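Here's the letter readout for the chains.
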Amino acid sequence: MAAQAHIARPDPHTASDKEWGEYLFMRKNPKGVHFERWFHANGCRKWFHMARHTVSHEILAIYGITEPAPKLDGGEGTS
Amino acid sequence: MVETYLRQSPLAHRALDAQVSDNTADAALVLTERRFLAKVNIRGKVDGDAVKAAIGVALPSEANTVMEGNNLCALWLGPSEWLIVGPPNAEKNIEEALNEVLAGASVGIVDVTEGRTTISVSGPMARDVIAMGCPLDLHPRVFSPGQCAQSFISRSPILLHQVDDSPSFDIHIERSQSDYLWTWLETGGAPYGVAVAGEPETTNWRRPARRKATS
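First to last, the sequence lines map onto chains F and R. First residue of the first sequence: 1, per the numbering used here; consecutive thereafter. First residue of the second sequence: 1, per the numbering used here; consecutive thereafter.
Possibly wrong hints are sitting among the right ones.
[Unchecked claim] Here are the simulated lysine-lysine pairs, BS3-like style, with alpha carbons at most 27 Å apart:
| hint | chain 1 | residue 1 | chain 2 | residue 2 |
| --- | --- | --- | --- | --- |
| 1 | R | Lys92 | F | Lys28 |
| 2 | R | Lys92 | R | Lys52 |
| 3 | R | Lys45 | R | Lys92 |
| 4 | F | Lys46 | R | Lys45 |
[Stated by the list, open to error] One side only, chain R facing chain F, incomplete, derived with CB under 10 Å:
| hint | residue |
| --- | --- |
| 5 | Trp76 |
| 6 | Pro79 |
| 7 | Pro135 |
| 8 | Ser144 |
| 9 | Pro145 |
| 10 | Ala149 |
| 11 | Ser151 |
| 12 | Ser154 |
| 13 | Tyr192 |
Honestly, the hints are just simulated from the structure, not real lab data. Computed from a predicted structure; not experimentally measured. Where a beta carbon is used, it is the ideal one built from N, C-alpha and C, also for glycine.
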């Protein structure tokens, strides 16, 4: 199970409908490095973060669910 | 712990004691319900040395491995989660000892004894029958005694622990799914021959009973 990580939640009281809609529905689909949230459903049932290359499936970093995204050489891929 | 007079194992309705075979040595698959094994779940940032001092078994730091000591097993479940398994009725002492030594720490200690049961599977076909429903690679060069893993058998979440290379496995499963798993194992082993074994004595709770007919 995977989905885009590090999505900042706007303040629901002040966000416009457009901002809120983008927060809820709009996701990156990069060709390159992608920061994702994963859930290890078939094992330890932990949530964790993974930086993954969407073309080569190379796993560039694994880090905790509360940790910020690491700086990677390739940077985030372009969508 | 629940009141003894109310306490029934999840497979009690199967009257497994009445099915115990006199000759389990020739069976391809030997099943035993390990009733009421003590199970205490630990979750959080734990001082491993303090735990070892308190209950006599170290918490494994390597993924999917088991440490043994003081008649207990400590199974690695996740980067900050373990399960302590011990003989029946040990759960209260384990929980109390852990609560004492980890008091104030940000750690969850939960007695899950009554919520689960353990099915011991051994015999020459044990590995093959489990592999029919489990996505793990159980080849001896990958999965060997002293290893454990959380996975699924036929869609039921399980905790698999290889006890020895006879091979024998302990499968810890949620109470409500244990009857389903028992049926599944019986059915899977049926073409090869299944026998039910009695439980080992509590003092030697790690060894599955395996008896040869004396006649």
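Hints and how they fare:
Between lysine 92 of chain R and lysine 28 of chain F the CA atoms are separated by roughly 50 Å; this puts the pair beyond 27 Å, and the hint is violated. Note on lysine 92 of chain R and lysine 52 of chain R: the hinted pairing holds, with a Cα-Cα distance of about 17 Å set against a maximum of 27 Å. The suggested pairing of lysine 45 of chain R with lysine 92 of chain R holds, with an alpha-carbon distance near 22 Å, which does not exceed 27 Å. Distance restraint check for lysine 46 of chain F and lysine 45 of chain R: the Cα-Cα separation of roughly 14 Å lies within the 27 Å cut-off, and the hinted pair is therefore satisfied.
Given the 10 Å rule on beta carbons, the hint for tryptophan 76 of chain R holds: about 9 Å separates it from the nearest Cβ of chain F. Checking proline 79 of chain R against chain F by beta carbon gives a least distance of about 6 Å; that is within 10 Å, so the hint holds. Taken as an interface hint, proline 135 of chain R checks out: its beta carbon lies about 7 Å from the nearest beta carbon of chain F, inside 10 Å. Interface hint at serine 144 of chain R: violated, since its Cβ lies 18 Å from the closest Cβ of chain F, which is beyond the 10 Å cut-off.
A hinted interface residue such as proline 145 of chain R counts as satisfied when its beta carbon comes closer than 10 Å to some beta carbon of chain F; here the least separation is about 20 Å, so the hint is violated. Restraint check, alanine 149 of chain R versus chain F: the minimum CB separation of about 7 Å is within 10 Å; hint holds. Because the closest C-beta pair between serine 151 of chain R and chain F is about 6 Å apart, less than 10 Å, the hint holds. At a threshold of 10 Å, the smallest CB-CB gap from serine 154 of chain R to chain F is about 14 Å, leaving the interface hint violated.
Proximity of tyrosine 192 of chain R to chain F is violated relative to the hint, the smallest CB-CB distance being about 27 Å (cut-off 10 Å).
The structure fails hints 1, 8, 9, 12 and 13 (numbered hints given earlier, in ascending order).
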